[in-house]
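Asker: For reference, the chains in residue letters:
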Amino acid sequence: MGNTNVHLSLPAVCIVWQTAMIILFGVFMRYDHESDAHWVEHRKHSNLTDIENDFYFRYPSFQDVHVMIFVGFGFLMTFLKRYSFGGVGFNFLIAAFGLQWALLMQGWFHWLDADGKIRIGIENLINADFCVAGCLIAYGALLGKVSPVQLMVLTLFGITLFAVEEFIIISVIHARDAGGSMVIHTFGGYYGLSVSWMLYRPNLHQSSRLQGSVYHSDVFAMIGTLFLWMFWPSFNSAICDHGDGQHRAAINTYLCLASTVLTTVAISSLFQKHGKLDMVHIQNSTLAGGVAAGTAAEFMLMPYGCLIVGFCCGIISTLGYIFLTPFMEKHLKIQDTCGIHNLHAMPGVVGGIVGAITAASASIEVYGHEGLVNTFDFMDKFKDMVPTTQGGHQAAGLCVALCFGIGGGIIVGAILRLPIWGDPADDNCFDDETYWEVRDKS
Amino acid sequence: MGNTNVHLSLPAVCIVWQTAMIILFGVFMRYDHESDAHWVEHRKHSNLTDIENDFYFRYPSFQDVHVMIFVGFGFLMTFLKRYSFGGVGFNFLIAAFGLQWALLMQGWFHWLDADGKIRIGIENLINADFCVAGCLIAYGALLGKVSPVQLMVLTLFGITLFAVEEFIIISVIHARDAGGSMVIHTFGGYYGLSVSWMLYRPNLHQSSRLQGSVYHSDVFAMIGTLFLWMFWPSFNSAICDHGDGQHRAAINTYLCLASTVLTTVAISSLFQKHGKLDMVHIQNSTLAGGVAAGTAAEFMLMPYGCLIVGFCCGIISTLGYIFLTPFMEKHLKIQDTCGIHNLHAMPGVVGGIVGAITAASASIEVYGHEGLVNTFDFMDKFKDMVPTTQGGHQAAGLCVALCFGIGGGIIVGAILRLPIWGDPADDNCFDDETYWEVRDKS
Amino acid sequence: MGNTNVHLSLPAVCIVWQTAMIILFGVFMRYDHESDAHWVEHRKHSNLTDIENDFYFRYPSFQDVHVMIFVGFGFLMTFLKRYSFGGVGFNFLIAAFGLQWALLMQGWFHWLDADGKIRIGIENLINADFCVAGCLIAYGALLGKVSPVQLMVLTLFGITLFAVEEFIIISVIHARDAGGSMVIHTFGGYYGLSVSWMLYRPNLHQSSRLQGSVYHSDVFAMIGTLFLWMFWPSFNSAICDHGDGQHRAAINTYLCLASTVLTTVAISSLFQKHGKLDMVHIQNSTLAGGVAAGTAAEFMLMPYGCLIVGFCCGIISTLGYIFLTPFMEKHLKIQDTCGIHNLHAMPGVVGGIVGAITAASASIEVYGHEGLVNTFDFMDKFKDMVPTTQGGHQAAGLCVALCFGIGGGIIVGAILRLPIWGDPADDNCFDDETYWEVRDKS
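Residue numbers (numbering that gives the first Met the number 0), protein chains in the order written: chain A, 0 to 441; chain L, 0 to 441; chain U, 0 to 441.
Among the clues, some could well be false.
What the hints assert, rightly or not - The calculated BS3-like cross-link candidates involving lysine-lysine, where the alpha carbons are at most 25 angstroms apart (straight line), are:
#  : chain 1 : residue 1 : chain 2 : residue 2
1  : A       : K329      : A       : K144
2  : A       : K43       : U       : K382
3  : U       : K144      : L       : K272
4  : A       : K43       : U       : K43
5  : U       : K43       : L       : K382
6  : L       : K272      : L       : K329
7  : A       : K382      : L       : K43
8  : A       : K144      : A       : K332
9  : U       : K43       : L       : K43
10 : U       : K275      : A       : K144
11 : U       : K144      : U       : K329
12 : L       : K43       : A       : K43
13 : A       : K329      : A       : K272
14 : U       : K332      : U       : K144
15 : L       : K275      : U       : K144
16 : U       : K272      : A       : K144
17 : U       : K329      : U       : K272
Claimed, not checked - Short, incomplete list of chain L residues facing chain U, as computed with Cβ under 10 angstroms:
#  : residue
18 : K80
19 : G211
20 : M221
21 : D243
22 : Q245
23 : T262
24 : S267
25 : L269
26 : G370
Stated by the list, open to error - Each pair of labels, with its calculated beta carbon distance range:
#  : chain 1 : residue 1 : chain 2 : residue 2 : range
27 : U       : F322      : A       : P325      : 44 to 52 angstroms
28 : A       : H109      : U       : V365      : 19 to 27 angstroms
29 : A       : G391      : U       : V365      : 44 to 52 angstroms
30 : A       : H109      : L       : H109      : 40 to 48 angstroms
31 : U       : E364      : L       : T48       : 29 to 37 angstroms
32 : L       : T48       : U       : R438      : 52 to 60 angstroms
33 : A       : L7        : U       : N4        : 51 to 59 angstroms
Derived by calculation from the structure, the hints in this document are not laboratory data.
Beta carbons are placed, not taken as given, at the ideal position from N, Cα and C, and that holds for glycine.
Using the sequences provided together with the hints, build the complete structure.
Answerer: Dropping the structure here:
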């Protein structure tokens, strides 16, 4: 630590990886039949209208998800007084890098054609953004303490682990996870926390002068918060079934999130002197309901069920910021800059459990016969599955996400401890001047 | 006044109300047939394709409206130098709280099924956001002068009044008001102004040091302005008829708003020394055209008609900021922090009048027979109505909105004068330190 | 220069022009058949469903483009320490002004009906926003050095030139340019640079104290960057063919942009001391891939082809900022405040060339017969055209864009040199206090 010169390593990693992407895309990547110029012929044969192209079902949601990834996550991480460039800038870098690798990894696992080509369309773009989200969550735990080269390594392995984990949970175990409570948030949260544990800095207090926010940086962070909060219904509904699936997922998430805001405010006010609110809670805990609504978004969670989930998550997440984050830093040696344990990891686990319970209690009365088959995909080799078994599979999926997050984080953390990555010394963490040209010194 | 401790009252109100919401949602709230899992069966019976689910007609507009409510209104209120947390934060709180209550209130009035259940879909979410907008407008007049508990009371009653007023105007009187010039802006504007009149503070000058903007807070406010301005076409078209109705409403609003910008700049420059522009006008008056286009958005207002409406509103609104706001504070004892009289109340009335005139002059030549029936909903018990009568009904609707706004505001204002709500003393208004943990003191 | 009083000229220009717009709209502008109230009858005759209204194909993309124009371009220009009001505010003014004139100019050239009326729908709104983009690009070169009156003149002529140039390139030459690499970016870039060359200020160093950014203004600019970056796929796909055309354009642009980020970071880091990143590059060069993907967006560029285009543009654009901008200022007397040569002009030319090559190498194997006809619009009087000829036409289009940009810029620049426009003296350039009421002096 200490030598933060990334003069050769950062350009080298960027150029080498981008070149590798070009080659791999050349070998594997093709348009799917809805984005290929042959579609006009296909459409006529299948007697479809133009508007039935998947693009029109999913593009508005995709753009909302895209905003969450780049503006939402990016600006949420601008809250530190002198690390806003690193927050929004490195978020931009690793997201742009990660989504290319995600297209390939997810393509190989899920979208490989008989001729060995990956066929991509709008759904792949959404999935790539989802995959990247896992790594951005992990970045939240490490914000200000790692170099951009470390972040690229973190992302490279993170995407790889994600794709394997997702394949096991969704395709092998046949768990449903439309909004990724397990696949994205549980995995990403524990991945980041484990890496942070491996990279524990006992002397981090040396840069404590930079570890807080200033007035305007807190307002910038609210841009991130609000775009995440507003577009979360799109996140959870983006890859749901056409029709009622997307419709219901959006409603469920909207309700969950509304309820979370109220309990976050309540707990924040209750535990401060004079009942004052803390911006950290408003910026983060208000989002916990969206995380927890992920797995069950497409299910018949019912409007009141959504409010209950949001109610609990606002409380859990805010209490996490007040009690758990300081405890983890002091006793577990886990330094979690953005508090991702409270925003993603715990609510993700809650979401997985809610999903398992909701799936296990599904019935033909509530869903209708076709609705049940449709919602839980009881088709092909899973056509004899029943809701109670599905509940068990959901629980199994949650365990897989936890194992991959913790195990993967420990391994990747070990790699990132090598003294070759240009990470900052303890006394210049949280400081943009380490990796950015800053024109007005603080 | 003076005891700003909301240590118990704020958490108590949040928890109690959220619990009440859960119970009421449990009793009343269900998915409608397009968001229910049974839809797949319904769809086949009705010979519909997936894309004809109402979700795909309205979800992109809904998300735009959602951005207006949370980022638009929220950031527009960050312009004060030390009240940005309160501007964006309390906006967030009362919107999240209000939309749940709005779903219930509007549900009881408009969407109650034979079995006593409210069936919600994407249109309800849009309407709930609309309903909340009325209260956020009212907040604009009170910004910096009230406690969060007062805001929740304001919102609770505001939503209730809104739902009754809307039911009378839309369902009983059969006025059309797609973008809510009357229902939302006239009502919300006069509601807020009346409350502000009841809460008049003769010694508000004691916190005059905090009553202005600083350079960066004005830039933050422009985020709010622009998202409101850009997405207003979605606001006015969101619940219009499928097809040409939504299409025309978006075009009309777009043109109105473009024209408003030019006259706002003209008047702002004309009345300042050296022709300099005032950020207050650019932030607010440029939006007046969107307000005024609300009622007539769906009508055949014609492109030039839109430009004329926008032209007038830019002038009226900017002159309001220059002359009327100081006059109202001095002589009418109405303190209007954001100038909602110029941005919402007056343009709302203009919009109501434009709507009445446009409706009264509608003809079969311009609309076509089916188009006329469709646009004005001359069906069922209103099937014998003619455009001239419709014009009268529109005018009646405007009067109802005014009465509810002023009357409701006086009553709610009286309630908010009780000395139990923890509102700030005159010398710590407009100061975030009253209700927020602020890390860097000003 | 020196008399910056726009007390009469700015209001006069605004009012006169807006009045002229009202008259011209009254004479020429009508709704098209999809936004007219008669559509309900038309729809039944044509056996269409409501969702097949063009509104639903294009409105989400339109709103994304709208955000790019107002928030994207506007906030990208807030990076200067004391010219954020002028950046976002004048951008707002000239965009709102320009889009009205664009609707008319483009209407006369492309959408005139037999009865002499222009029929507008959602596609016209998108095209008007596109047209305005050309002028906003030009503003980037002049940022901080011109008066609002000059900007309105610049826009008036810019829109006029744009409409003629576009008509020649698209309709006469039959070049394809869905995302406007040539029509928008090459034209707008060279137009602005030529005007800037004509308005060269040898003593601009007198306001060099204001020519940089501060920490927070750089964060504001990132809002612009990210909204441009995220929504560029919508920009390039907004007016593509329904179905696979829009779908493919979005994918192509998404991939181009991802690749650009990596090479921008690489080059930025490589040429700074200690490998530090420069915010100027991250804010601007990361967007070059979107510009270059414009012409070929709809073509079968293939995923790896997109990555290659983005790879090159990130390098070219960043090197442009490092070497070319200082060279142009010193030796060519072109002062380019935002570096539009690197962000728009050069990548636009690259995009034109990529488009010509991709078109020339198109084949029936890759596109299918119908796909080829569809993508390149080989219909009517162009039905005998073949890809190789199309490639030549594309190249011809690029030349036209260059000529119009440079030629038009020189003429308009000559007009703007007249000493009547109230432009700032050399020592108060880049200063908002010239044209804005600023409450806290710097």
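Asker: Just to be careful: measuring from the Cβ of L:D243 to every Cβ in chain U, is the smallest value less than 10 angstroms?
Answerer: Since the shortest Cβ distance to chain U is 4 angstroms, the answer is holds.
Asker: Between U:E364 and L:T48, does the C-beta distance stay in 29 to 37 angstroms?
Answerer: Taking Cβ atoms as reference, U:E364 and L:T48 lie about 32 angstroms apart, which means the hint holds.
Asker: Is the straight-line distance between the alpha-carbon of A:K144 and that of A:K332 25 angstroms or less?
Answerer: holds (14 angstroms)
Asker: Holds or violated: the hint that L:K80 contacts chain U, with Cβ atoms closer than 10 angstroms.
Answerer: Given a least distance of 8 angstroms, the restraint on L:K80 holds.
Asker: With 10 angstroms as the cut and Cβ atoms as the points, is L:L269 at the interface with chain U?
Answerer: This hint holds: L:L269 lies near chain U, its Cβ roughly 4 angstroms from the closest one there, short of 10 angstroms.
Asker: Could you grab the alpha-carbon distance between L:K275 and U:K144 and see if it respects the 25 angstroms cut-off?
Answerer: holds (16 angstroms)
Asker: Please work out if A:K382 and L:K43 have their alpha carbons no farther apart than 25 angstroms.
Answerer: holds (21 angstroms)
Asker: Interface hint check: L:G370, Cβ to nearest Cβ on chain U, cutoff 10 angstroms. Holds or violated?
Answerer: holds (3 angstroms)
Asker: Is the interface hint for L:M221 satisfied, with its Cβ closer than 10 angstroms to some Cβ of chain U?
Answerer: Nearest chain U Cβ about 5 angstroms off; hint holds.
Asker: Given the hinted pair L:K43 and A:K43, is their alpha-carbon gap at most 25 angstroms?
Answerer: The hint holds at about 22 angstroms.
Asker: Would the pair U:K43 and L:K43 pass a check requiring their Cα atoms to be no farther apart than 25 angstroms?
Answerer: With Cα atoms ~22 angstroms apart, U:K43 and L:K43 stay inside 25 angstroms; holds.
Asker: Okay, U:F322 versus A:P325 on CB: inside 44 to 52 angstroms?
Answerer: holds (50 angstroms)
Hint compliance for this structure: no hint is broken.
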